[in-house]
Amino acid sequence: MSGNGSLEALRRSGRIVIVGASLAGLRAAEALREEGFTGSLTLIGDEPHEPYDRPPLSKQVLLGKADADRTALPRHRELDAEWRLGVAATGLDMTARRVRLADGTEVPYDRLMITTGVRARPWPHPLEAELDGVFVLRTRQDAVALNRRLTAVPRRVLVIGAGFTGSEIASACRELGLEVTVAERGPAPLVGALGGVVAQVAADLQRAHGVDLRCGVMVTGLEGDSAGRLRRAHLSDGTTLDVDVAVVSLGATRNTEWLAGSGLGAGPRGIACDAGCRAFDIRGIVTDDIFVAGDVARSPHPLFNYQFLSLEHWGNAVAQAETAAHNMINASADRRPHVWVPAFWSSQFGVSIKSVGVPSLGDEVLIAQGSLAEHRFTGVYGYQGRVIAAVTFDQTKWLEHYQGLIETAAPFPPPGTTVDRRAEGLRPVPADFPDPSLPTHGPTVTLSGYSPTDRRITFTPARA
Amino acid sequence: MRIVVDLNRCQGYAQCAFLAPDVFTMHGDEALLYNPYADDTQRENVARAVAACPVQAIMAEGLDVDGVDGLSARTVTTGVR
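Protein sequences, first through last, are from chains A and B. If you're matching positions, the first sequence starts at 1 in my numbering and goes up one per residue. If you're matching positions, the second sequence starts at 1001 in my numbering and goes up one per residue.
Check before you lean on any hint, since a few could be wrong.
Said to hold, decoys possible - Here are some of the chain B residues that sit facing chain A, going by a computed Cβ distance under 8 angstroms: (1) His1027; (2) Glu1030; (3) Tyr1034.
Said to hold, decoys possible - Part of the chain B face toward chain A, derived, beta carbon under 8 angstroms: (4) Arg1002; (5) Val1004; (6) Leu1007; (7) Asn1008; (8) Gly1012; (9) Phe1018; (10) Leu1019; (11) Gly1028; (12) Asp1029; (13) Ala1031; (14) Leu1033; (15) Asn1035; (16) Ala1057; (17) Met1059.
No wet-lab data here; the hints were simulated from the structure. C-beta atoms are modelled at their ideal positions from N, C-alpha and C, and glycine is treated no differently.
The following block holds chain A by itself, in its conformation from the complex:
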């Protein structure tokens, strides 16, 4: 559609299809109606539930302070939409402008919004992943299943991977009085997101709360009994652990498989789009009728050297959905860029962790306020002489100030002094992020046995 006449027709009676009925999909639909779109609106979601909020699933739900079935998102307004829930999209025909669904039906569109998000990365060994007691945590169904098992008081819970989700699960387990071991292949929890200096505080928090934290190790195998129940975990340092619950929290995979062969620029790293949320096709040409928002999108950000950022952040899903919806039904001169400053939060072990900017771009960190040892501080990250991010542990109220410094590309270290500056805040130190291009564990070969007939070579493959 081009020209004002057809834009008017689109706004009045066009067909907009949104694939992905979670936070981003819902907020996009609401924004479309808010901006006066009166045509037909269809939301397609593979889960059978109406849009629900996921952050509570690893926090208040595990603690038994909220019901996994009752985290449905409040609505801003009536939608007057057709909901196709419990049926996944399986294909896209960009030429005919149709979305294929798992039930064999096809849904035609004039404009398409893709908000299919991510799913939990499964345990890489399919047979071990099937064991009773092995869980992931992403969906409502996952939360119900994990909750049921935790309520039955397992002897020990093994959390595999100490990113934000894994750390929050470990925190909830300790609060429930459960024994928990966390296995992290990096040198500390959250190290990929926050760097080694701050991650050391996350490690201290875990240990202070009784978590058996083991860093620099990988889980090499999960072992079940004859009934298929998880019994034991094997670690790369040669130890074994008796566990009856393992929660695999190894990050997420983007839901783009359904777009394979469609000609859209979609793959394991997400769907590339321009700052106006328009998806690129595989030739690198931007489409004008397909928009992307939320965890599945990858878009260039002017504040961060126009790098294409994938942000699995709650706030990004909301902001990008609103921008994508606006741009979808407006002429190019009226379109807006998605320039939301990345921000996220986590709460674990009674501490509120918050971030603005992109800490992992930082090469240095300055503890500008508070103290690492007190677990209450503000870390400011610098990149090429400017402020690029800030992270607070129980110092939320300062974050807005640092967001301003990021937005105005203020010099790093920030000039002047701040309240509660300590000796450790006098000069920046290396932020100590692991180099993502270097695997923490290369493939290893070990020899065992003594006599020539017993001699065995075991190959432990490297894992991504």
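Using the hints, position chain B against chain A.
Structure of chain B alone, referenced to chain A:
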């Protein structure tokens, strides 16, 4: 009644935890834990919490503000942007 708090915006002022303690609780000094579903008996408390939040981070669905003293309809219906 469905509730969501924009925790990017929340700064831990804890007004909600005073006004609707059965729905909002502080977990440590600054972290907020809340129940995303509150039953009807909590309606008035939640309306007060929404209105009192200094950073307007709480959104609750279907709040009827009539009968809650001192609340402007705007505050309650807008909630998070």
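Okay, the hints, checked on the actual structure:
A cut of 8 angstroms between beta carbons decides the hint on His1027 (chain B): the least distance to chain A is about 6 angstroms, and the hint holds. This hint holds: Glu1030 (chain B) has a C-beta 4 angstroms from the nearest C-beta of chain A, less than the 8 angstroms allowed. For Tyr1034 (chain B), the interface hint holds, since its Cβ comes within 8 angstroms of a Cβ in chain A; the closest pair sits about 7 angstroms apart. Taking 8 angstroms as the C-beta cut-off, the interface hint given for Arg1002 (chain B) holds, the closest approach to chain A being about 4 angstroms.
With a cut of 8 angstroms, the hint placing Val1004 (chain B) at the interface with chain A holds, because the nearest CB-to-CB distance is about 6 angstroms. Because the beta carbon of Leu1007 (chain B) sits about 5 angstroms from the nearest beta carbon in chain A, less than 8 angstroms, this interface hint is met. A least Cβ separation of about 5 angstroms between Asn1008 (chain B) and chain A falls short of the 8 angstroms threshold, and the interface hint therefore holds. Nearest Cβ of chain A to the Cβ of Gly1012 (chain B): about 6 angstroms, under the 8 angstroms cut. The hint holds.
Among the interface hints, the one on Phe1018 (chain B) is violated; its C-beta lies about 18 angstroms from the nearest C-beta in chain A, farther than the 8 angstroms criterion. Taken as an interface hint, Leu1019 (chain B) does not check out: its beta carbon lies about 18 angstroms from the nearest beta carbon of chain A, beyond 8 angstroms. Proximity of Gly1028 (chain B) to chain A holds as hinted, the smallest CB-CB distance being about 3 angstroms (cut-off 8 angstroms). A distance limit of 8 angstroms between C-beta atoms decides the matter here; for Asp1029 (chain B) the minimum to chain A is near 5 angstroms, and the interface restraint holds.
Because the beta carbon of Ala1031 (chain B) sits about 4 angstroms from the nearest beta carbon in chain A, less than 8 angstroms, this interface hint is met. The closest approach between the C-beta of Leu1033 (chain B) and any C-beta of chain A is roughly 5 angstroms, which is under the 8 angstroms cut-off, so the hint is satisfied. For Asn1035 (chain B), the suggested interface contact is upheld, since its CB lies about 5 angstroms from the closest CB of chain A, less than 8 angstroms. For Ala1057 (chain B), the interface hint is violated, the least distance from its beta-carbon to any beta-carbon of chain A being 11 angstroms, above 8 angstroms.
At a threshold of 8 angstroms, the smallest CB-CB gap from Met1059 (chain B) to chain A is about 5 angstroms, leaving the interface hint in force.
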